[in-house]
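Just so you know, the sequences run in chain order A and B. Numbering (UniProt numbering) for the first sequence: 1 to 625. Numbering (UniProt numbering) for the second sequence: 1 to 339.
What the hints contain is simulated information worked out from the structure, not anything from laboratory work. Hints should not be assumed to be uniformly reliable.
Each pair of labels, with its calculated beta carbon distance range [as the list claims (entries may be wrong)]:
| no. | chain 1 | residue 1 | chain 2 | residue 2 | range |
| --- | --- | --- | --- | --- | --- |
| 1 | A | Arg182 | B | Arg248 | 41 to 51 angstroms |
| 2 | B | Leu126 | A | Gly178 | 31 to 41 angstroms |
| 3 | A | Ala163 | B | Gln232 | 26 to 36 angstroms |
| 4 | B | Val90 | A | Ser50 | 50 to 60 angstroms |
| 5 | B | Val90 | A | Gly109 | 29 to 39 angstroms |
| 6 | A | Arg187 | B | Arg34 | 31 to 41 angstroms |
| 7 | B | Thr101 | A | Phe28 | 32 to 42 angstroms |
| 8 | A | Gln223 | B | Ile89 | 49 to 59 angstroms |
Which chain B residues face chain A? A few, computed with CB under 10 angstroms, are given here [to be verified]:
| no. | residue |
| --- | --- |
| 9 | Ser42 |
| 10 | Val54 |
| 11 | Pro58 |
| 12 | Val75 |
| 13 | Arg78 |
| 14 | Val119 |
| 15 | Thr159 |
| 16 | Gly162 |
| 17 | Phe176 |
| 18 | Ile180 |
| 19 | Tyr184 |
| 20 | Pro256 |
| 21 | Val305 |
| 22 | Val316 |
| 23 | Leu330 |
These numbers come from a predicted model, not from an experiment. Virtual Cβ for every residue (Gly too), placed ideally from N, Cα, C.
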Amino acid sequence: MTTNRRLLAALRSPLGVLAVLACAALAFLAIFGPVLWGEQAAATNTALISQPPSPEHVFGTDGSGRDILLRTLVAARLSVTMALAATAVGVVSGVLVGLLPLVLGGRVGRWIVAGINIGVAFPGLLLAIAFSVILGQSGVAASLAIAIAMMPNYGRLTHNLAASVWGRDYVSAALVLGIPKRVIVFRHVLPNVRDPLIVNAAITAGGTLVSFAGLSFLGLGVQVPQYDWGRMLNEGVARIFVTPAAALVPGIAIILAGLTFVLLGEVLGKALTPEGTRSLSARALRSLMPTRRGAEAQRHAGAAGAVGAAQPAVDTVLSVRDLRVSAPQAGGTLKPLVEGVSFDIARGEIVGVVGESGSGKSLTLMSVAGLVEAPLHVSAAAAHFDGESLTLSEHGHPASLNHHLGQRLAMVFQDPMSSLNPAIHVGDQVAETGLLHLDMSRAGAKAAAIERLTDVRIPDPERRYGQYPHEYSGGMRQRAMIAAGLMGTPSLILADEPTTALDVTVQAGILELLKRINEAEGTAIMFVSHDIAVVTSLCTRVIVMYRGKLVEDITADDLRAGNAAHPYTRALMATVPTMDSPRGEPMASIPDDADFSGTSPIGVIEELVPTTEAIRQLDFEGPTR
Amino acid sequence: MSATSADPEVTARPVARQQESVWARNPWAGYLLRRSGYFVVSLFVLVTISFLLVQLIPGDPARLSLGEAATPEAVEARRVELGLDRPLIVQYLSFWAGLFTGNLGESISSRMPVIDVIVQRAPATLEIAFAAVAIALIVAVCLGLAFGALTRGGRRRGTEVGFTSVSAVLAVIPEFLAGILLVYLFAVTLQLFPVAGRSDFLSYVLPVTALALGPAASLTRIVRAETLTVLQQDYVRTARSRRMPAIRLYGKHVLPNLLTSTLTISGLLLGSMIAGTVLVENIFAWPGLGGVIVQSIQGKDYPLVQGIIIFYGAVVLLINLVIDIALILLDPRTALDKS
Numbered sequence: 001m002t003t004n005r006r007l008l009a010a011l012r013s014p015l016g017v018l019a020v021l022a023c024a025a026l027a028f029l030a031i032f033g034p035v036l037w038g039e040q041a042a043a044t045n046t047a048l049i050s051q052p053p054s055p056e057h058v059f060g061t062d063g064s065g066r067d068i069l070l071r072t073l074v075a076a077r078l079s080v081t082m083a084l085a086a087t088a089v090g091v092v093s094g095v096l097v098g099l100l101p102l103v104l105g106g107r108v109g110r111w112i113v114a115g116i117n118i119g120v121a122f123p124g125l126l127l128a129i130a131f132s133v134i135l136g137q138s139g140v141a142a143s144l145a146i147a148i149a150m151m152p153n154y155g156r157l158t159h160n161l162a163a164s165v166w167g168r169d170y171v172s173a174a175l176v177l178g179i180p181k182r183v184i185v186f187r188h189v190l191p192n193v194r195d196p197l198i199v200n201a202a203i204t205a206g207g208t209l210v211s212f213a214g215l216s217f218l219g220l221g222v223q224v225p226q227y228d229w230g231r232m233l234n235e236g237v238a239r240i241f242v243t244p245a246a247a248l249v250p251g252i253a254i255i256l257a258g259l260t261f262v263l264l265g266e267v268l269g270k271a272l273t274p275e276g277t278r279s280l281s282a283r284a285l286r287s288l289m290p291t292r293r294g295a296e297a298q299r300h301a302g303a304a305g306a307v308g309a310a311q312p313a314v315d316t317v318l319s320v321r322d323l324r325v326s327a328p329q330a331g332g333t334l335k336p337l338v339e340g341v342s343f344d345i346a347r348g349e350i351v352g353v354v355g356e357s358g359s360g361k362s363l364t365l366m367s368v369a370g371l372v373e374a375p376l377h378v379s380a381a382a383a384h385f386d387g388e389s390l391t392l393s394e395h396g397h398p399a400s401l402n403h404h405l406g407q408r409l410a411m412v413f414q415d416p417m418s419s420l421n422p423a424i425h426v427g428d429q430v431a432e433t434g435l436l437h438l439d440m441s442r443a444g445a446k447a448a449a450i451e452r453l454t455d456v457r458i459p460d461p462e463r464r465y466g467q468y469p470h471e472y473s474g475g476m477r478q479r480a481m482i483a484a485g486l487m488g489t490p491s492l493i494l495a496d497e498p499t500t501a502l503d504v505t506v507q508a509g510i511l512e513l514l515k516r517i518n519e520a521e522g523t524a525i526m527f528v529s530h531d532i533a534v535v536t537s538l539c540t541r542v543i544v545m546y547r548g549k550l551v552e553d554i555t556a557d558d559l560r561a562g563n564a565a566h567p568y569t570r571a572l573m574a575t576v577p578t579m580d581s582p583r584g585e586p587m588a589s590i591p592d593d594a595d596f597s598g599t600s601p602i603g604v605i606e607e608l609v610p611t612t613e614a615i616r617q618l619d620f621e622g623p624t625r
Numbered sequence: 001m002s003a004t005s006a007d008p009e010v011t012a013r014p015v016a017r018q019q020e021s022v023w024a025r026n027p028w029a030g031y032l033l034r035r036s037g038y039f040v041v042s043l044f045v046l047v048t049i050s051f052l053l054v055q056l057i058p059g060d061p062a063r064l065s066l067g068e069a070a071t072p073e074a075v076e077a078r079r080v081e082l083g084l085d086r087p088l089i090v091q092y093l094s095f096w097a098g099l100f101t102g103n104l105g106e107s108i109s110s111r112m113p114v115i116d117v118i119v120q121r122a123p124a125t126l127e128i129a130f131a132a133v134a135i136a137l138i139v140a141v142c143l144g145l146a147f148g149a150l151t152r153g154g155r156r157r158g159t160e161v162g163f164t165s166v167s168a169v170l171a172v173i174p175e176f177l178a179g180i181l182l183v184y185l186f187a188v189t190l191q192l193f194p195v196a197g198r199s200d201f202l203s204y205v206l207p208v209t210a211l212a213l214g215p216a217a218s219l220t221r222i223v224r225a226e227t228l229t230v231l232q233q234d235y236v237r238t239a240r241s242r243r244m245p246a247i248r249l250y251g252k253h254v255l256p257n258l259l260t261s262t263l264t265i266s267g268l269l270l271g272s273m274i275a276g277t278v279l280v281e282n283i284f285a286w287p288g289l290g291g292v293i294v295q296s297i298q299g300k301d302y303p304l305v306q307g308i309i310i311f312y313g314a315v316v317l318l319i320n321l322v323i324d325i326a327l328i329l330l331d332p333r334t335a336l337d338k339s
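Go ahead and model the full structure; you've got the sequences and the hints to work with.
And the structure:
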């Protein structure tokens, strides 16, 4: 029923109403046109040959003194019916041919698929012209030729759709039950591929109408005394100097009728495919939001604790005051995603940023890097990086800061597969910073990049330089990303969940590498993670974010000692399973709707979380911010 | 923990290599061989169908080509001339033999060897076809990329709506109607370009535009949609984090990732553009093969029809082959994975 409702909604939209009206007009002309004006349109008048537009003849008359407008209206019947007939025959035969390989299976099926694929290689109009050699030159022959020419395309579409359904469980179940394949195809497969086939048929009908007019225009379709729009064009073009309307009016009719079918297809497409109802901007907006990937990962390892405050760093590499990020909503309001976050990062410090998915930790990082784009809004009261003042906004940093940021700020992203460009050699991507910001020659940048690849322990770096990302393993891709960051002399590495997408063993290698860089070069690292165990082991300081706010800024030692002040931080630590967590009981988790913004979440937690020893031991009476 | 041991694939690879077949080790050679095989089979099907066109005509082709009034003797002579008196298999084999020796028979109406007609007329057709292909590709990539960049992330809604509607209408206008509209506007009304015929540079403008307009509009839409998809990819964010000029970002990091899908789709569009030349040539009285094929179908000049259909089909197959090879040069991974 939802399909019907969607269809109704789509037809009520402005485009839908337009499509319905246009179809109704076309249907009216096709049915009543020849009845109403047939005789008038056929009447030749030697006294009125090639007249310009006049009140009696709105678009003038053609070479035989016949009214151009009336002839165009009457010709609608032949043009539309022939196109629809060709579409119907082509679609039905295409569907049958496309389903045949599934029914027959085996060698015969593969031969049919190969035949379809060869047929698809040839353009439809060329096939139609070829078939009109066999079928002769008439309206019906041209219609049939177009139908045959359509068959391979539609067959391939049907086959691709049906083949994807064929692998589903309900088809396998039916096959096991011994139901004949032809029955399965019609009962289980066809209903599931019906919708895209209908949408395509509507759009195809538009193309068929144009092709049919094309054949008639060439003189290979409708023959005198019959006439369709194509035939009228054929006669009109020769006289385009005398009466341009004789060619233009049927031409416009073809375009309008073609558009009608395309429009119908689009409206049906919106109604029948759920994806079509989603607007592009909504999808784009979603892609800007923090990734949800962390949501399914679990939080593990560590202990629980009491109170402590972070020491303000003397020599800061990054300082941010009152950072705010918000997303415009449908009603014109702004939804805050990051609310007034302030923090400092000292030189050589490793700071972890933890929090659940959507807490704003990645957005904070991306805002600092100037990588958050409109429609999101970014603002900050003040921001400094490595001696330069930054203006944080959704427009990114000015080009004048490119060299400074390019050399001194490095980034490592979550998924190394998608973060490396699949079309460019890994080595060239590593070397790029050298070319862009360090004034290196091509050869110099390559040598430097190979050196960096060696530093991050990529084996055989000369050969690996010229390989594509897909030839690297996950761990090596992330090492290459880090190597790219090390091309300059970064004072800060912004790492956005750099180990989340990796295996645990590979994770350990990456963490070790980051630690080594930090120790050897004194590079500060801002490490976003939802994995509090990783953060407490790697970082010197931890920032906890919750629903867009910074709720805790604590040294890692204090956190490990159980000195966290905010109940959310404690709840986070409590969910970490330990070696002596009670077995057989469900793991502790923080419920989605638990609200820590108030003073004490204790009631919420006890009500919703199965009590484990770890949570029962918690002291929830600490102060909250 | 040692860093190298974190990547088990590194040590595992040489072992796996030994077990792979010759083709797996040379994916390029394997792909080229398969693709060429497909090309040859398609050519075979094309030639066979062109041969069968005449055989499948209901009734007697010899009688049809001469008309009802012809004497039985004339019909018999025509039958011998077309080779229809011989057994089917002999006709088929000699058709192939003719193809390999460049002898495609003689045009019934002009008595010229078919191969001469093709050699004489093909350049005019190929000129406008390839000019249109090149222009459509260049325009589509430049405009699609530009509009994709301008309207990314739902910005400039006005521009987006304008682009989408204009390109949708242009994409729907078939080449022969575009031709007629162009003739009316620029040749009849403004008299900037010649109405028909092939002479100087100006005479090429309208036919090539007519051919390129629709495909360029559809391709531009596709390139824009692809640009929007690519711009959402993580690797674009990585590139932006490296802070480079926009021209390098779009030219080096975005463009190569668009080309695969763009070229795949342009294969289909370019094929239909070859067919479109038939229509456009008939509007502009262009001295290519398009006028000849229509006349020879109407005049039942079967040897000429067969020859021209084989020519058109072979050009289409060749374009598809070139595009598939270009695809693996551009993006070896996707193309080789697909096959």
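Okay, the hints, checked on the actual structure:
In this structure the hint that Arg182 of chain A and Arg248 of chain B lie 41 to 51 angstroms apart at CB is violated, the actual value being about 57 angstroms. The beta-carbon spacing between Leu126 of chain B and Gly178 of chain A, approximately 57 angstroms, falls outside the hinted interval of 31 to 41 angstroms. The hinted range of 26 to 36 angstroms is satisfied by Ala163 of chain A and Gln232 of chain B, whose Cβ atoms lie roughly 29 angstroms apart. Separation of Val90 of chain B from Ser50 of chain A is about 55 angstroms and conforms to the stated range, judged on CB atoms against 50 to 60 angstroms.
Evaluation of the 29 to 39 angstroms hint for Val90 of chain B and Gly109 of chain A yields a pass: the beta carbon distance comes to about 34 angstroms. Separated by about 37 angstroms at the C-beta atoms, Arg187 of chain A and Arg34 of chain B satisfy the suggested range of 31 to 41 angstroms. The beta-carbon spacing between Thr101 of chain B and Phe28 of chain A, approximately 59 angstroms, falls outside the hinted interval of 32 to 42 angstroms. The hinted range of 49 to 59 angstroms is not satisfied by Gln223 of chain A and Ile89 of chain B, whose Cβ atoms lie roughly 36 angstroms apart.
Annotation: Ser42 of chain B was flagged as interfacial toward chain A, and the flag holds, the nearest CB pair being 5 angstroms apart, inside 10 angstroms. For the restraint placing Val54 of chain B at the interface with chain A, the shortest Cβ-Cβ distance is roughly 8 angstroms, inside the 10 angstroms limit, so the hint holds. Because the beta carbon of Pro58 of chain B sits about 8 angstroms from the nearest beta carbon in chain A, less than 10 angstroms, this interface hint is met. Interface hint at Val75 of chain B: violated, since its Cβ lies 18 angstroms from the closest Cβ of chain A, which is beyond the 10 angstroms cut-off.
For the restraint placing Arg78 of chain B at the interface with chain A, the shortest Cβ-Cβ distance is roughly 17 angstroms, beyond the 10 angstroms limit, so the hint is violated. For Val119 of chain B, the interface hint is violated, the least distance from its beta-carbon to any beta-carbon of chain A being 20 angstroms, above 10 angstroms. Taking 10 angstroms as the C-beta contact cut-off toward chain A, the hint placing Thr159 of chain B at the interface is violated, the least distance being around 13 angstroms. Annotation: Gly162 of chain B was flagged as interfacial toward chain A, and the flag is violated, the nearest CB pair being 15 angstroms apart, outside 10 angstroms.
Hint status for Phe176 of chain B relative to chain A: holds, with the closest Cβ pair at about 6 angstroms, below 10 angstroms. Because the closest C-beta pair between Ile180 of chain B and chain A is about 5 angstroms apart, less than 10 angstroms, the hint holds. Because the beta carbon of Tyr184 of chain B sits about 5 angstroms from the nearest beta carbon in chain A, less than 10 angstroms, this interface hint is met. About 4 angstroms separates the beta-carbon of Pro256 of chain B from the nearest beta-carbon of chain A, less than 10 angstroms, and the hint is met.
For Val305 of chain B, the shortest C-beta to C-beta distance to chain A is roughly 6 angstroms, which falls under 10 angstroms, so the interface hint holds. Hint status for Val316 of chain B relative to chain A: holds, with the closest Cβ pair at about 6 angstroms, below 10 angstroms. Contact between Leu330 of chain B and chain A, as hinted, is supported at the beta carbon level, the nearest pair being about 8 angstroms apart and thus within 10 angstroms.
Of the numbered hints given earlier, the model fails hints 1, 2, 7, 8, 12, 13, 14, 15, 16; all others are met.
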